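Protein chains: 2
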Amino acid sequence: MKVSVGISNRHVHLTEDDFKILFGNDAIMEIDRPVNQPGQYASKQRVTIQTTKNKYENVRILGPARSYTQVEISKTDAYFLGVNPPVRTSGDLTGASPVKIIGPKGEIDREAAIIADRHIHIDHETRVTLGLENVQEVSVRIVGEKGGILDHVMLKESNPAYYEMHLDTDDANAHLLKNNDEVEIIIK
Amino acid sequence: MKVSVGISNRHVHLTEDDFKILFGNDAIMEIDRPVNQPGQYASKQRVTIQTTKNKYENVRILGPARSYTQVEISKTDAYFLGVNPPVRTSGDLTGASPVKIIGPKGEIDREAAIIADRHIHIDHETRVTLGLENVQEVSVRIVGEKGGILDHVMLKESNPAYYEMHLDTDDANAHLLKNNDEVEIIIK
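Going down the list, the protein sequences come from chains Y and R.
Just so you know, we're using my numbering here: the first sequence kicks off at 1 and counts up by one.
Just so you know, we're using my numbering here: the second sequence kicks off at 1001 and counts up by one.
It is possible that some hints are incorrect.
Stated by the list, open to error - Restraint ranges, calculated between C-beta atoms of paired labels, are given here:
| no. | chain 1 | residue 1 | chain 2 | residue 2 | range |
| --- | --- | --- | --- | --- | --- |
| 1 | Y | Met-1 | R | Met-1154 | 55 to 61 Å |
| 2 | R | Asp-1026 | Y | Ile-186 | 56 to 62 Å |
| 3 | Y | Lys-2 | R | Glu-1125 | 20 to 26 Å |
| 4 | Y | Ile-31 | R | Pro-1034 | 51 to 57 Å |
| 5 | Y | Asp-109 | R | Ser-1090 | 42 to 48 Å |
| 6 | Y | Asn-180 | R | Glu-1137 | 36 to 42 Å |
| 7 | Y | Glu-111 | R | Glu-1137 | 40 to 46 Å |
| 8 | Y | Pro-86 | R | Tyr-1079 | 24 to 30 Å |
What the hints assert, rightly or not - Calculated lysine to aspartate or glutamate pairs in the EDC-like style (CA-CA distance at most 20 Å, straight line):
| no. | chain 1 | residue 1 | chain 2 | residue 2 |
| --- | --- | --- | --- | --- |
| 9 | R | Lys-1055 | Y | Glu-57 |
| 10 | R | Lys-1178 | R | Glu-1157 |
| 11 | Y | Lys-53 | R | Glu-1057 |
| 12 | Y | Lys-188 | Y | Asp-117 |
| 13 | R | Lys-1188 | Y | Asp-117 |
| 14 | R | Lys-1178 | Y | Asp-117 |
| 15 | Y | Lys-178 | R | Glu-1164 |
The hints are simulated quantities; they were obtained by calculation from the structure and are not laboratory data.
Since the structure is predicted, the reported quantities are computational estimates derived from the model, not experimental observations.
Ideal placement from N, C-alpha and C gives every residue a C-beta, glycine not left out.
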C-alpha cells in the first residue's frame, strides 16, 4: 500500500477578518498556483512571521480563508523563532505558540503556531478500497540511505480529497524525501 | 539496549594546513568546551561557509585538526546553500560538494561538504558487552509524538569512545529529540 509525499514548507492559514487586517478591507486572496488538495491554493500574498527572537519573511498564505488563523512551522523553524509549539492536527490550536503576523496594511498577534502532525489526506472511497475504514493512524516505511519508519501518521478523511501524505520539511529532509516520492503504508 | 543522543549542528573539521591558511601561521586551535568524544572539542574559532547561493556565518570548528577538511551539514542546510552533498561516513569525501570556507586571515575552496551518516560511537568493550561485535549497522526506535525508526545507523568503533549516537539536526528535529535523550537499538 503506497502513498505519495507532499512536503509542507512553513505557511499560514488566515481567517477572512485577519486577512483584511493584514492586507486591507478591499483585498482579496489571489491564487498563485493550486495545490493538490481540491479547492486549495498557494496565494500570491506573503506575510512576515515575527517573534521576540527572530522572523521569517515572505511566508506563504494557503487559501482560501479558513475559520481559524494558524501558522504551521517545523521544529527547526521553532528553534529559529525561539518558540515551543505543540504537535497538532490542523485546526486544533490548544497550546499554540504566540507569534506576530505582519502584512502590508497591518499586523496581528495570535497564539497560532503549531507543528502540524504527519497526516494522509484520503477520501472515503480510497479508504474503503485500501481497507483503512477503521484505522485512525498508520506508519510509513521509507527506503533509502536515510530511510526508516515514521509513526503516528494520521488519516484525515475529506470528500473530495487528493490522496497524499503531508510531511513538514524536517521529516522530509531527515529522510531525503522529495515531493511525489512514494512510501509504503504500514498498519501497526 | 539503549543509547543516548548527541545532536550535531553544522560544523567543520580542518587540516592543520587549512587551519593556518584561515587563521594565520601562528594561530592555534583554542578549546571552547570539550565534547563527549575523548580528546575532541568545540573550538573558539568560527568560519563562514559560503556557496554561490548563500552562506552560514559563525560555523564551529571541531578540534583537534584532522587529516582531512570536511564540512558537515544537514539536508536543510544543503537546500539553503544550494548544494547536493552525499551521505557519507566522516572522512569519506567521495563526491562531496564544493564550498568556500572563510576565516579571518584567508579562505579556501574545498570539495568538502557531506551529510554525515547516522552513527553510534562505541568502544570495543561496550560492543562486546552489548553483543554488537559482528554488527555493522543498527536501527533505533524513537518513542513520542513524532516517533519512528531510524535505519542505517552505523557502528563506529574507536578506543576509547564515549558511547552515544550522533544525529544531525534534521533527524533530531523531525523526531523532537534533544541531547541526551535515550533511544532503543534494534538489530534488523
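(message) A range of 24 to 30 Å was offered for this pair. Does it hold for the Cβ distance of Pro-86 (chain Y) and Tyr-1079 (chain R)?
(response) holds, 26 Å
(request) With respect to the beta-carbon atoms only, verify the hint that Asn-180 (chain Y) and Glu-1137 (chain R) lie 36 to 42 Å apart. (result) Since the Cβ atoms of Asn-180 (chain Y) and Glu-1137 (chain R) sit about 28 Å apart, the hinted range of 36 to 42 Å is violated.
(request) Evaluate the given range 42 to 48 Å for the C-beta pair formed by Asp-109 (chain Y) and Ser-1090 (chain R). (result) holds, 45 Å
(request) Using the Cβ atoms, figure out if Glu-111 (chain Y) sits within 40 to 46 Å of Glu-1137 (chain R). (result) Cβ of Glu-111 (chain Y) to Cβ of Glu-1137 (chain R): about 43 Å, so the range 40 to 46 Å holds.
(message) Checking one constraint from the list: CA of Lys-1178 (chain R) to CA of Glu-1157 (chain R), max 20 Å. Satisfied?
(response) Given that 20 Å is the threshold and the Cα spacing comes to 23 Å, the pair is violated.
(message) Taking 51 to 57 Å as the stated bounds, is the beta-carbon spacing between Ile-31 (chain Y) and Pro-1034 (chain R) within them?
(response) holds, 55 Å
(request) Note whether the CB distance of Lys-2 (chain Y) and Glu-1125 (chain R) lies within 20 to 26 Å or breaks it. (result) violated, 44 Å
(message) Tell me if the straight-line CA distance from Lys-1178 (chain R) to Asp-117 (chain Y) falls inside 20 Å.
(response) holds, 19 Å
(request) Quickly compare the C-alpha distance for Lys-1055 (chain R) and Glu-57 (chain Y) to 20 Å and report which way the hint goes. (result) holds, 18 Å
(message) Does Glu-1057 (chain R) sit within 20 Å of Lys-53 (chain Y), going by the straight-line distance between their CA atoms?
(response) Roughly 18 Å between the alpha carbons, so the hint for Lys-53 (chain Y) and Glu-1057 (chain R) holds.
(request) Using the beta carbons of Met-1 (chain Y) and Met-1154 (chain R), state whether their distance is inside 55 to 61 Å or not. (result) Because 30 Å falls outside the window, the suggested range is violated.
(request) With 56 to 62 Å as the target window, see if Asp-1026 (chain R) and Ile-186 (chain Y) comply at their CB atoms. (result) The hint (56 to 62 Å, Cβ to Cβ) holds, given that Asp-1026 (chain R) and Ile-186 (chain Y) are roughly 58 Å apart.
Hint compliance for this structure: hints 1, 3, 6, 10, 13 and 15 are not met, and every other hint is.
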